[in-house]
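> Taking our numbering, I'd label the letters of the sequence shown as residues 371 to 726.
I should point out that these hints are in silico values taken from the structure, not numbers from a laboratory. A hint or two may mislead.
Label pairs and their in silico Cβ distance ranges [as the list claims (entries may be wrong)]:
#1 P479 x E432: 34 to 44 Å
#2 T523 x D723: 44 to 54 Å
#3 S459 x L716: 38 to 48 Å
#4 E470 x K533: 13 to 23 Å
#5 E432 x P628: 20 to 30 Å
Beta carbons: idealized from backbone N, C-alpha and C, even for Gly.
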Amino acid sequence: MAKYLKATLVVLCSFLCGFIFKEISQLIRVPKTFYSETHTLPTNKSLSSAPTTAEPYLTFRETVTLRDKAYTYTLNLSQYEKDYFYLQSYTCQLLIDMEEFCRIGHEEPLFVIAIKSHATFADRREVHRNNWAYERLMYTYKVKPLYLLGTVTNNDTMRAVMKEAKDFQDILMWDFTENHHNLALKERCFLEWLHHHCKEAEFIFKGDDDEFLNPDAMVRYVQRTPNVTEAIHGNILMHLTVDRKGRNQVSMELLSSPRLPFFPAGGGYIMPGRSIPALYHASLRLPVFPLDDVYLGFLALAAGIPFKHDKRFYSFGLRLDICLFREAIIVHRFLPQDLKKLWVRLREPVRCDTKS
Numbered sequence: 371m372a373k374y375l376k377a378t379l380v381v382l383c384s385f386l387c388g389f390i391f392k393e394i395s396q397l398i399r400v401p402k403t404f405y406s407e408t409h410t411l412p413t414n415k416s417l418s419s420a421p422t423t424a425e426p427y428l429t430f431r432e433t434v435t436l437r438d439k440a441y442t443y444t445l446n447l448s449q450y451e452k453d454y455f456y457l458q459s460y461t462c463q464l465l466i467d468m469e470e471f472c473r474i475g476h477e478e479p480l481f482v483i484a485i486k487s488h489a490t491f492a493d494r495r496e497v498h499r500n501n502w503a504y505e506r507l508m509y510t511y512k513v514k515p516l517y518l519l520g521t522v523t524n525n526d527t528m529r530a531v532m533k534e535a536k537d538f539q540d541i542l543m544w545d546f547t548e549n550h551h552n553l554a555l556k557e558r559c560f561l562e563w564l565h566h567h568c569k570e571a572e573f574i575f576k577g578d579d580d581e582f583l584n585p586d587a588m589v590r591y592v593q594r595t596p597n598v599t600e601a602i603h604g605n606i607l608m609h610l611t612v613d614r615k616g617r618n619q620v621s622m623e624l625l626s627s628p629r630l631p632f633f634p635a636g637g638g639y640i641m642p643g644r645s646i647p648a649l650y651h652a653s654l655r656l657p658v659f660p661l662d663d664v665y666l667g668f669l670a671l672a673a674g675i676p677f678k679h680d681k682r683f684y685s686f687g688l689r690l691d692i693c694l695f696r697e698a699i700i701v702h703r704f705l706p707q708d709l710k711k712l713w714v715r716l717r718e719p720v721r722c723d724t725k726s
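Please model the complete structure; the sequences and the hints are all you need to start from.
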């Protein structure tokens with residue numbers, strides 16, 4: 371009887387302590403305001419301010435107010451928890467991990483090319499691997515491809531992905547389900563993985579699996595661009611009007627600003643490795659925005675990291691000119707069969723007038 375009473379008291383005390391802690395947390399939660407007018411990359415001290423690997427899963431999500439030179443953006447955590455609770459509460463959990471992916475003992479700087487891919491799109495990944503997606507030395511960089519996946523309900527597809535991961539050693543898969551809004555979780559969880567498992571990466575490209583991607587042009591870009599480590603590079607969209615209807619709709623309650631912050635268009639972008647700690651630290655505090663591209667814009671604004679626009683990121687297509695494709699970094703929107711034909715043509719001898 372005494373043991374039963376003791377056990378009951380322990381359970382009751384645990385419940386009361388948890389309840390009190392939650393209530394106190396709610397009382398002391400205050401909005402956080404970030405000022406990002408200067409657009410300078412944080413110093414090494416601020417870049418290292420994120421939690422260490424000893425505490426990788428602590429988050430302190432809160433209401434924040436972000437400001438750029440034109441607009442103010444308030445992200446109210448309570449509203450985000452109401453509309454997108456799963457995005458705010460999800461803890462990144464990998465089903466397929468590659469902890470040693472970046473620790474390969476090479477002397478060359480590492481360039482990771484990470485591609486958001488759906489588990490069902492094995493045909494797209496096959497085209498990539500047959501043409502560009504394999505580990506190699508390019509100029510002075512070690513280039514390694516990596517695919518970012520969520521789960522699907524089809525067991526046959528899941529088994530096929532597990533085999534694919536074993537064969538190619540180039541897949542990360544988290545345990546959230548693939549869907550439009552969960553792409554923001556790929557953004558957040560990939561930042562977490564980079565921060566804890568890929569400090570060796572000097573540059574990271576992140577893009578989609580339905581595009582032409584040119585690693586050669588990508589490496590040449592980072593070699594030749596002045597101050598390349600001080601910004602995120604891509605096709606930068608500037609203060610687009612908030613869409614209140616359709617697939618990418620954002621309610622007034624979620625974001626009252628009429629405009630969105632700067633963010634890279636969905637085809638892809640390059641970020642320097644030294645920016646990862648600041649972006650990851652911001653991801654621990656900001657509510658998770660349900661559109662992944664815009665979410666990165668908010669993270670960069672909070673971290674004080676600027677963007678650099680370059681026209682060679684063709685996020686909205688490009689006319690079929692082989693010489694232009696050889697200089698392009700990415701060209702978005704390709705079906706696998708069309709991408710196969712394009713790579714065949716790119717290997718044909720064609721004389722192009724180059725400026726560099």
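> Taking the numbered hints from earlier one at a time, note which ones the structure violates and give those numbers from smallest to largest.
The structure conflicts with no hint, since it agrees with every one listed earlier.
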